[in-house]
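With the hints as extra help, turn the sequences into a complete structure.
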Amino acid sequence: MDISTQTTDAPPPSPEPTLSGQARGARGATRPGDRVFLGLSRGSGILLLVIMAAIAVFLTYRASLAISRDHGNFLTTFEWNTNLNPPVFGIAVLAFGTIVSSVVAMAIAVPISVAIALFITHYAPRRLAGPVAYVIDLLAAVPSIVYGLWGALVLVPHMTGLYGWLDRYLGWTGVFDWEGGAPRSMLTVGILLAIMILPIITNVSREVFRQVPQMHEEAALALGATRWEVIRMAVLPFGRSGVISASMLGLGRALGETMAVATVLSPTFDIQASLLNPGGGTFAQNIASKFSEATQDGRDALIASGLVLFVITLLVNGAARAIIARRKEYSGANA
Amino acid sequence: MAKRIDVSGLTAYYGSHKAIEDISMTVEPRSVTAFIGPSGCGKSTFLRTLNRMHEVTSGGRVEGKVLLDDEDLYGAGIDPVSVRREVGMVFQRPNPFPTMSIFDNVAAGLRLNGSYRKSELSDIVEKSLKGANLWNEVKDRLNKPGSGLSGGQQQRLCIARAIAVEPKVLLMDEPCSALDPISTLAIEDLIGELKERFTIVIVTHNMQQAARVSDRTAFFNLAAVGQPGRLIEIDDTERIFSNPSVQATEDYISGRFG
Amino acid sequence: MSTASLADKRAGSLRGASLPKWSPWAIAAGSLVVAVGIGLAAGLDSKVQWGLIAAILFVLGTFGVAARVEGRRQAKDRVATSLVWVAFLLAVVPLVSLIWVTVARGVKVLDVYFLTHSMGVVADSEPGGGIYAAIIGSLEQVGLATLIGAPVGILTAIYLVEYGRGRLAKAVTFFVDVMTGIPSIVAGLFILSLMLIFKMQPFGFAGSLALAILMMPVVVRSTEEMLKLVPNELREASLALGVPKWRTILKVVLPTSIGGITTGVMLAVARIAGETAPVLLLVFGNPFINNNPFEGAQASLPLYIYQQYSQSAGANAAYDRAWAASLTLIAFVMILNMVARGIARWKAPKTGR
Numbered sequence: 001m002d003i004s005t006q007t008t009d010a011p012p013p014s015p016e017p018t019l020s021g022q023a024r025g026a027r028g029a030t031r032p033g034d035r036v037f038l039g040l041s042r043g044s045g046i047l048l049l050v051i052m053a054a055i056a057v058f059l060t061y062r063a064s065l066a067i068s069r070d071h072g073n074f075l076t077t078f079e080w081n082t083n084l085n086p087p088v089f090g091i092a093v094l095a096f097g098t099i100v101s102s103v104v105a106m107a108i109a110v111p112i113s114v115a116i117a118l119f120i121t122h123y124a125p126r127r128l129a130g131p132v133a134y135v136i137d138l139l140a141a142v143p144s145i146v147y148g149l150w151g152a153l154v155l156v157p158h159m160t161g162l163y164g165w166l167d168r169y170l171g172w173t174g175v176f177d178w179e180g181g182a183p184r185s186m187l188t189v190g191i192l193l194a195i196m197i198l199p200i201i202t203n204v205s206r207e208v209f210r211q212v213p214q215m216h217e218e219a220a221l222a223l224g225a226t227r228w229e230v231i232r233m234a235v236l237p238f239g240r241s242g243v244i245s246a247s248m249l250g251l252g253r254a255l256g257e258t259m260a261v262a263t264v265l266s267p268t269f270d271i272q273a274s275l276l277n278p279g280g281g282t283f284a285q286n287i288a289s290k291f292s293e294a295t296q297d298g299r300d301a302l303i304a305s306g307l308v309l310f311v312i313t314l315l316v317n318g319a320a321r322a323i324i325a326r327r328k329e330y331s332g333a334n335a
Numbered sequence: 001m002a003k004r005i006d007v008s009g010l011t012a013y014y015g016s017h018k019a020i021e022d023i024s025m026t027v028e029p030r031s032v033t034a035f036i037g038p039s040g041c042g043k044s045t046f047l048r049t050l051n052r053m054h055e056v057t058s059g060g061r062v063e064g065k066v067l068l069d070d071e072d073l074y075g076a077g078i079d080p081v082s083v084r085r086e087v088g089m090v091f092q093r094p095n096p097f098p099t100m101s102i103f104d105n106v107a108a109g110l111r112l113n114g115s116y117r118k119s120e121l122s123d124i125v126e127k128s129l130k131g132a133n134l135w136n137e138v139k140d141r142l143n144k145p146g147s148g149l150s151g152g153q154q155q156r157l158c159i160a161r162a163i164a165v166e167p168k169v170l171l172m173d174e175p176c177s178a179l180d181p182i183s184t185l186a187i188e189d190l191i192g193e194l195k196e197r198f199t200i201v202i203v204t205h206n207m208q209q210a211a212r213v214s215d216r217t218a219f220f221n222l223a224a225v226g227q228p229g230r231l232i233e234i235d236d237t238e239r240i241f242s243n244p245s246v247q248a249t250e251d252y253i254s255g256r257f258g
Numbered sequence: 001m002s003t004a005s006l007a008d009k010r011a012g013s014l015r016g017a018s019l020p021k022w023s024p025w026a027i028a029a030g031s032l033v034v035a036v037g038i039g040l041a042a043g044l045d046s047k048v049q050w051g052l053i054a055a056i057l058f059v060l061g062t063f064g065v066a067a068r069v070e071g072r073r074q075a076k077d078r079v080a081t082s083l084v085w086v087a088f089l090l091a092v093v094p095l096v097s098l099i100w101v102t103v104a105r106g107v108k109v110l111d112v113y114f115l116t117h118s119m120g121v122v123a124d125s126e127p128g129g130g131i132y133a134a135i136i137g138s139l140e141q142v143g144l145a146t147l148i149g150a151p152v153g154i155l156t157a158i159y160l161v162e163y164g165r166g167r168l169a170k171a172v173t174f175f176v177d178v179m180t181g182i183p184s185i186v187a188g189l190f191i192l193s194l195m196l197i198f199k200m201q202p203f204g205f206a207g208s209l210a211l212a213i214l215m216m217p218v219v220v221r222s223t224e225e226m227l228k229l230v231p232n233e234l235r236e237a238s239l240a241l242g243v244p245k246w247r248t249i250l251k252v253v254l255p256t257s258i259g260g261i262t263t264g265v266m267l268a269v270a271r272i273a274g275e276t277a278p279v280l281l282l283v284f285g286n287p288f289i290n291n292n293p294f295e296g297a298q299a300s301l302p303l304y305i306y307q308q309y310s311q312s313a314g315a316n317a318a319y320d321r322a323w324a325a326s327l328t329l330i331a332f333v334m335i336l337n338m339v340a341r342g343i344a345r346w347k348a349p350k351t352g353r
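Chains as they are written, first to last, in this note's numbering: chain P, 1 to 335; chain A, 1 to 258; chain Z, 1 to 353.
Think of the hints as simulated: they come from the structure by calculation, not from any bench. For every residue, glycine included, the Cβ atom is placed at its ideal position computed from N, Cα and C. Hints are not guaranteed to be accurate.
[To be verified] To list a few chain Z residues with every Cβ distance to chain P over 12 Å, as calculated:
| id | residue |
| --- | --- |
| 1 | Val36 |
| 2 | Thr116 |
| 3 | Leu144 |
| 4 | Ile197 |
| 5 | Ala212 |
[Claimed, not checked] In silico lysine to aspartate or glutamate, EDC-like type, Cα no more than 16 Å apart, as pairs:
| id | chain 1 | residue 1 | chain 2 | residue 2 |
| --- | --- | --- | --- | --- |
| 6 | Z | Lys251 | P | Asp297 |
| 7 | A | Lys139 | A | Glu196 |
| 8 | Z | Lys199 | P | Asp297 |
| 9 | Z | Lys108 | Z | Glu126 |
| 10 | A | Lys168 | A | Asp69 |
Right, dumping it as structure tokens:
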């Protein structure tokens with residue numbers, strides 16, 4: 001990572017210097033071998049663009065078929081009856097559930113991830129830092145379906161105690177009201193999603209914290225700052241935008257996660273005010289759960305909801321990348 | 001305010017590598033002491049042992065005594081954080097906090113110490129900036145980021161930040177090596193003023209600078225690459241540059257090596 | 001005046017009262033004991049709650065003790081330290097639990113029979129059956145996806161690093177980033193929409209296509225990083241000898257970075273091997289062995305786990321199979337990860353740090 005930024009920063013003759021700047025030299029590749037190779041590699045790049053375009057086009061096409069037959073309002077209807085003739089369905093419940101579960105996941109995962117990133121870069125004894133980073137990578141490697149199975153069979157039974165607590169002391173808020181059903185609700189989903197997005201947020205934040213110039217930290221130390229004060233004065237301000245974009249990447253994951261939600265949540269097609277009462281649903285979970293019984297219309301309706309998910313994740317990820325890109329320029333100018 | 005430093009038998013390591021060995025010297029209060037010597041001779045390392053910054057580097061460890069007046073910085077129960085409050089430091093490259101304004105940069109150390117009233121804080125900030133000969137240049141833009149200043153101004157901002165907490169000693173690690181001649185001159189003048197109030201230790205690569213600003217000069221050298229650095233001699237600056245008692249010092253100063 | 005007040009506000013001595021080195025451990029042990037006590041007294045049966053109480057007590061206790069002995073600033077510093085440690089432990093707990101449960105429950109039915117037989121007509125609630133069909137399906141689907149995704153990804157990366165300039169390269173870079181964020185179920189829906197148009201039934205290769213889409217951006221990113229590590233001097237040296245550019249890339253650039261590229265591809269394979277959602281939509285699952293990925297529904301390992309879990313109505317035999325399949329899948333993914341990292345370390349370019 002470092003090395004690539006160094007190399008891109010070193011010779012700034014053109015606005016976007018690439019490594020092959022000099023090597024490219026002769027522009028028109030005349031040799032047949034060169035032409036074939038360039039064609040193949042450029043073709044692959046174009047293929048990627050075509051795939052992205054095709055995803056947008058075909059999802060939109062199927063979605064438009066579905067929405068034109070929808071007898072409800074696609075955005076506001078609290079129903080998903082695609083077997084009716086004409087079908088009636090809307091994404092309001094799914095949008096709500098997707099946002100709620102992701103917000104819960106972010107609220108838990110971001111502080112913990114930042115703390116773990118700080119742990120690896122600033123707190124852990126040297127001998128521990130490497131293994132911890134490795135453990136985080138292992139967390140990232142576990143397939144989501146295994147998280148789902150673990151969530152449903154191990155995490156859910158362990159949540160009853162916590163649910164009881166929250167209900168007893170915070171039930172009056174309404175958000176933590178619990179009627180005693182199985183804890184297969186948005187809070188458990190959020191916790192599971194938090195565990196799953198923790199590695200990506202941790203890893204990106206870790207990279208950013210590692211790039212904090214030594215001299216800023218030393219400046220704080222020399223003023224007589226404690227370790228925490230060094231982090232407050234020098235590390236966190238420097239890493240803020242990086243942490244934000246890391247969080248957005250995590251958010252993108254949480255929004256689109258399918259299997260872990262499908263196994264843990266006990267879905268209903270309505271909006272629950274409480275995080276503890278089972279119910280609600282997310283875009284991805286709804287697709288996975290409803291798919292096997294869906295007719296042609298039903299599948300198109302699911303594709304329509306998938307298109308919405310696609311657009312949302314595009315926006316979130318695009319924002320994250322934009323922040324990272326701006327950050328790069330900023331730190332490049334200062335280097 | 002200014003305090004005397006008494007170093008005896010100080011050895012510093014990076015992991016298993018011995019960087020400097022058995023250094024003893026006394027630094028008088030209200031004076032400027034310059035450390036000179038070839039690259040890698042451990043003068044910066046030694047400087048960093050004087051406010052316990054050396055141990056911040058991974059594997060950094062120190063043996064020996066550093067007395068600040070009568071208190072051993074490496075004694076039991078000494079809090080390195082309080083040591084660094086007493087012994088301020090200015091670094092080779094100007095390093096104002098990039099996200100803070102000029103005002104906040106100067107106030108950064110004070111804010112760590114506890115709560116000040118706003119007027120109190122701005123009094124100290126003004127006084128420190130004046131002390132660093134920077135006030136007139138920045139008084140109209142105290143809320144602008146410190147990174148917008150020129151290199152020399154940034155370095156003086158860092159000096160203002162360091163003296164705002166009223167340390168007893170001010171350590172400077174090649175403070176002018178990243179600056180142009182005019183900014184360097186401004187800093188050198190400033191050092192002359194600051195020694196009225198602080199004990200100053202400065203590491204420099206520039207022998208004219210050492211001759212210009214310091215009262216006493218210490219020459220460091222190492223026997224060979226990989227060997228620990230040692231203090232060769234310390235004496236009045238005038239004597240070191242005119243009539244040093246060790247041949248190696250004379251060779252170095254007259255440019256025969258290093 | 002300001003100087004005087006400054007002097008008031010700080011302790012004259014360098015000697016701050018400080019807690020002994022073992023104090024965090026003592027506070028941790030103390031809070032653990034108290035938490036267990038509270039847990040037993042209040043009749044909380046969940047160890048998770050005990051742990052949470054202990055963690056909260058630890059943080060509060062650290063602050064209390066440190067504030068009393070060392071002062072507020074040191075106390076804050078210690079609280080930050082303890083919070084960071086607690087966060088680290090919080091992250092380790094689920095991982096340990098997950099691995100522990102998967103291994104403990106997975107080994108119950110995981111044996112040669114389980115690996116070499118399929119479900120066939122075994123009812124979900126009955127013991128017996130195995131994952132042979134699922135393994136075959138997964139291997140074929142992932143293998144085909146890799147055959148498509150890896151070359152496209154590597155070639156795209158070569159284009160971006162070796163040739164890329166101008167608008168096309170910028171667009172590709174941007175959309176590779178965007179593609180990284182596509183939820184796997186959306187990739188599945190895309191292939192599904194094609195299948196709906198051509199009125200096709202589920203088959204293994206459809207899953208491969210979706211997996212290939214998920215794999216490409218990952219391969220592009222990692223390969224790009226590796227190609228950028230190849231020093232420019234090597235390229236120039238080769239070009240200066242009159243070697244054509246394409247041969248320079250094939251004979252100099254790729255061999256130098258082949259270790260890193262392999263690592264990247266293997267990590268991408270490990271990632272798609274665990275994907276369930278697109279397989280669920282496109283491959284559908286099949287209790288019988290179907291060796292042909294181009295026709296008819298196939299099984300797949302992650303899908304098998306989901307189906308054993310969701311279609312069994314809580315039958316223990318099915319859960320056991322789900323855990324055993326999870327163990328197999330995790331083992332496969334972890335081995336791929338470790339081998340990939342091993343290759344990365346072994347073949348790491350010796351330049352730089």
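Right, here's what the structure says about each hint:
no.	hint	in the structure
1	Val36	holds (15 Å)
2	Thr116	holds (22 Å)
3	Leu144	holds (16 Å)
4	Ile197	violated (8 Å)
5	Ala212	violated (9 Å)
6	Z/Lys251 with P/Asp297	violated (53 Å)
7	A/Lys139 with A/Glu196	violated (24 Å)
8	Z/Lys199 with P/Asp297	holds (13 Å)
9	Z/Lys108 with Z/Glu126	holds (15 Å)
10	A/Lys168 with A/Asp69	holds (10 Å)
Checked against the numbered hints above, the structure violates hints 4, 5, 6 and 7; every other hint is satisfied.
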